[in-house]
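2 protein chains.
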Amino acid sequence: MGVGHSSVSLSLDPISIAAFTAKPKPKTSCFVNTHCRRSVFPTKRVSLFVDFSLKFESLKCGTVAGEMDTEKGIDVANKSILDFHDIDERLIRKMEFDALVWSSLHGLVVGDRNFQRSGQVPGVGMVHAPIALLPMSFPKSHWKQACELAPIFNELIDRISLDGKFLQDSLSRTKKVDAFTSRLLDIHSKMLEMNKKEEIRLGLHRSDYMLDEETKLFLQIELNTISSSFPGLGCLVTELHRTLLNEYGEDLGLDSKKIPSNTAVGQFSEALAKAWTEYNNPRAVVLVVVQTEERNMYDQHWLCTMLKERHNVRTVRKTLAEIDREGQLLPDGTLLVDGQAIAVVYFRAGYAPTDYPSESEWRSRLLMEQSSAIKCPSISYHLAGSKKIQQELAKPNILERFLENKEDIVKLQKCFAGLWSLDDLDIIRKAIDKPELFVMKPQREGGGNNIYGNDVKETLLRLQKEGSEEDAAYILMQRIFPTVSPTILMRDGICHKEHAISELGIYSAYLRNKEKVIMNDQCGYLMRTKIASSNEGGVAAGFAVLDSIYLT
Amino acid sequence: MGVGHSSVSLSLDPISIAAFTAKPKPKTSCFVNTHCRRSVFPTKRVSLFVDFSLKFESLKCGTVAGEMDTEKGIDVANKSILDFHDIDERLIRKMEFDALVWSSLHGLVVGDRNFQRSGQVPGVGMVHAPIALLPMSFPKSHWKQACELAPIFNELIDRISLDGKFLQDSLSRTKKVDAFTSRLLDIHSKMLEMNKKEEIRLGLHRSDYMLDEETKLFLQIELNTISSSFPGLGCLVTELHRTLLNEYGEDLGLDSKKIPSNTAVGQFSEALAKAWTEYNNPRAVVLVVVQTEERNMYDQHWLCTMLKERHNVRTVRKTLAEIDREGQLLPDGTLLVDGQAIAVVYFRAGYAPTDYPSESEWRSRLLMEQSSAIKCPSISYHLAGSKKIQQELAKPNILERFLENKEDIVKLQKCFAGLWSLDDLDIIRKAIDKPELFVMKPQREGGGNNIYGNDVKETLLRLQKEGSEEDAAYILMQRIFPTVSPTILMRDGICHKEHAISELGIYSAYLRNKEKVIMNDQCGYLMRTKIASSNEGGVAAGFAVLDSIYLT
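From first to last, the protein sequence lines stand for chains F and Z.
Going by full-length UniProt numbering, the first residue of the first sequence is number 1, and it counts up by one from there.
Going by full-length UniProt numbering, the first residue of the second sequence is number 1, and it counts up by one from there.
Keep in mind that the hints were calculated from the coordinates and are not lab data.
Some hints could be false.
Each pair may be met inside one copy or between any two copies, as identical chains are not told apart.
PhoX-like mimics (lysine-lysine), calculated; alpha carbons at most 25 Å apart, straight line [claimed, not checked]: (1) Lys457 <-> Lys414; (2) Lys308 <-> Lys257; (3) Lys258 <-> Lys308; (4) Lys308 <-> Lys94; (5) Lys434 <-> Lys514.
Computed from a predicted model, the values in this text were never measured in an experiment.
In isolation and in its complexed conformation, chain F is listed as follows (with noise of 0.2 Å):
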């Protein structure tokens, strides 16, 4: 998804960085006790939100009990091996210097803010991408535990998708309370009133995690479907972090192997190409939509470079009302964007209500739903990535309807944090008495909406007053712990040491033409970094930075 949109936005603009549905350690309880060059976690926890947690979500989301005890074994291992605020300054100096350079000279790039022009014009205005200086230590067992299940949520996906009662009836409270939702429902609708079938199906998802510190868990925070972020500049950092420790590791005494190689681009692009190359029609191209101002646009520019350089697929990229002023549909179903035939449109734009500000966007997405063109996303997998749909998931026996394999099913329910819509009494109650332990998550998509702390249970209480059909437009997450480690962020050129947390996102790809599944894979991941200073309300106060992870 676009800049701003997921859980932890790499947006340069501080207002509209999202709120992570985490809250971080206060900054007072951590690193008490740093020596050896390690950091060392607060020895005091509470335990409250352990056996709160456990209990409602072996009580309400299938997930296994007692896998606490099996998590607790990868303590030692989840330990960052070294504290970078001890690091000399005049090697940060170095590689600050270093990691600026590279940055520069790679197309490690975003549009400046400061700049008016920089996210309409490619090549003006250009800052080097937020970034951390070093990766980011991350346990090797939920590495794999994380790669394990990106074929499994791609096959989750494809068949949620298929069921369009089940996507209808789940969201059907939603859609009275949240407009956006209803718009893409009414496409979906029409779809299925048109029994359109969508034979050739792509997908080009992340998954982001993060790990709860107080109870070892890895747990999922949101699946991206639409307009899944940073495959391009996230393989980069990969790129660059591995260089610096090529250079400075002996010094570091990291060794620039543990990082695991990152080929999201590669194989994102490689998608696309296998989409054309079924869509069958050697003279049409990708179409890209974007947004009409896109800070992020070199993110993008490497995905339709490298299908240009290694597949020699052309793309175009054309904002939502363009494509309604240009587009139009054959009577075999080819869409044709300014007399060009589409084969695969890969959404960077449309994931947010602010995406559609007049009739003539959702006339765009309508036309291109209809067409014979392979949608990345479709409205089906759209929709199956919305967070009311993750809610649905997490329900006991939900995942049976969509999944055989038990093994399959397990690994998914050990990665779901506690959800719960607001029709459960029960649950209001509890978030009512301790809202610390709960995030409210809006049903709109674009971060920055989530309520934290004492808002929840204001609201809450508002909503039980009020009595009204509101409260299906949230739902309610378990709130995650995650650990917070020194860093070194780089923005705008300069070095920030900073206490920060992190989220895991894995990328995977999913195509097939009718019965065929022509790839299911992992792809890559993109490790975010944000500044764990936080205000009250738990509302991010810092800057999300671009990382990679060195697997311990």
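With chain F held as given, fit chain Z onto it using these hints.
Relative to chain F, chain Z alone:
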């Protein structure tokens, strides 16, 4: 040399754009007859210039008489095969977008003059380098000629550098009126007194040429022996133009294979690495002497990155003032900067008077010169590249003092423009009579100081009247009238259709250790193209861009 130094400077700041030695044909007389998608040169020619300048050349500069006849054969090949202004607008828009994206992703960038920190910190305030959208047509025969000249000039500079008396004598009058040359000569004198020998000598030169439209002669503008800029970005422009022709060549009727490959940055890094190896101290590094602000830093970073990645040789960047503070000489001659032994000093600063704002910078230069580090360039190489020496070499029988091979001498003389000192009364009279056929060049470096047109006449008359020694600060050069071609230039993300003139720079590297010549190679090229519109004085009113060549 750095931005602003050479005759076609690539500064982004219009104020520092240097004047060409050449005067473009007035726009009105060009392209009156463009048909068959070819630019057609004006058919009426002012024959005066040809006769006049050739007579001078054969009289004064050792240019072989009668070469006009052989040169005339090139006439047809010299025409650009396509009038770029005729290209379909939609195709231009596509290429423009692709060029901007390619530049951003591949590090073809400079610091934006509108962004305050862009010359100090890498990674901030970046903008694509000013570029020509498509390569400039250039005759294959002259390209071959230029390549052949490279090793001869390398050898010549090396021989001159060993003739301390020639340098001192030739520059003795200049010394009296030019403070900068005087300081350089002082250092040179000290080295002569010390009997300092440079056993390992490294030259990274760029010889700049223009093609005179009237005579079809390919004439040297200057030879840069210090700080030859753009080996990095120049290679990228070549790569960009090949990429564009691979994609759009068929539409344009152009073949990407006709753009000669450009290995400047690779060969320069190889030369630096080989010099480092000759110095034979594995712990020593290459010192890059830089200006305090450098918007062209990415060109330098490319060279240093290649040096590290291909040859594992590290660089440190320091200003002259920093070297004064942090530098020291060990008794064995080793240069230490900030405690770090220096194998090679590579100057990307120190070529202009403004680089020495205080005695600190001069102390720094002297310190480095006294050391055993390999200087690129040594003070002798630096002086050997001065305009006065260029003019001296154009005198009859001077080349013979340095070179034995008659064929080499003929080749060099063939590219010498008419060059005269101001003690030649005959020429002074002619220049006062026809000032439009001459350029007055001051000895001091940094572009923008040349005198054109009626100013030549007035300056000469004033100097005659005053009878001072100031005339020694200038040389007179034949004015070159280059071909004006329709081009598409890009700056700040904006495309400009302009008529432009071009200057070809040929890079070359020379490395010897005592009697052993380790490297003597031509190393790629740089085409610079500049808007032809000019004011009465001939000073550039437009801007210059990086370009490549298309052999015809």
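Check: Using 25 Å as the alpha-carbon threshold, which applies to Lys258 and Lys308: within, between, both, or neither?
Finding: between (31 Å within a copy, 22 Å between copies)
Review point. Should Lys308 paired with Lys94 be assigned to within, between, both, or neither, using CA atoms and 25 Å as the limit?
Key: Classified as between: cross-chain Cα gap 14 Å, same-chain 36 Å, threshold 25 Å.
- Copy assignment of Lys308 with Lys257, given that the CA separation must stay at most 25 Å: This pair counts as between: shortest inter-copy Cα distance 20 Å, intra-copy 30 Å.
* Asked: Between Lys457 and Lys414, at a C-alpha cutoff of 25 Å, which is it: within one copy, between copies, both, or neither?
  -> Answer is neither: 28 Å inside a copy and 88 Å across each miss the 25 Å cutoff.
task = Check Lys434 against Lys514 for me: Cα-Cα at most 25 Å, and say if that holds within a copy, between copies, both or neither.
result = Classified as neither; 48 Å inside a copy, 82 Å across copies.
Consistency note: the structure conflicts with the earlier hints numbered 1, 5.
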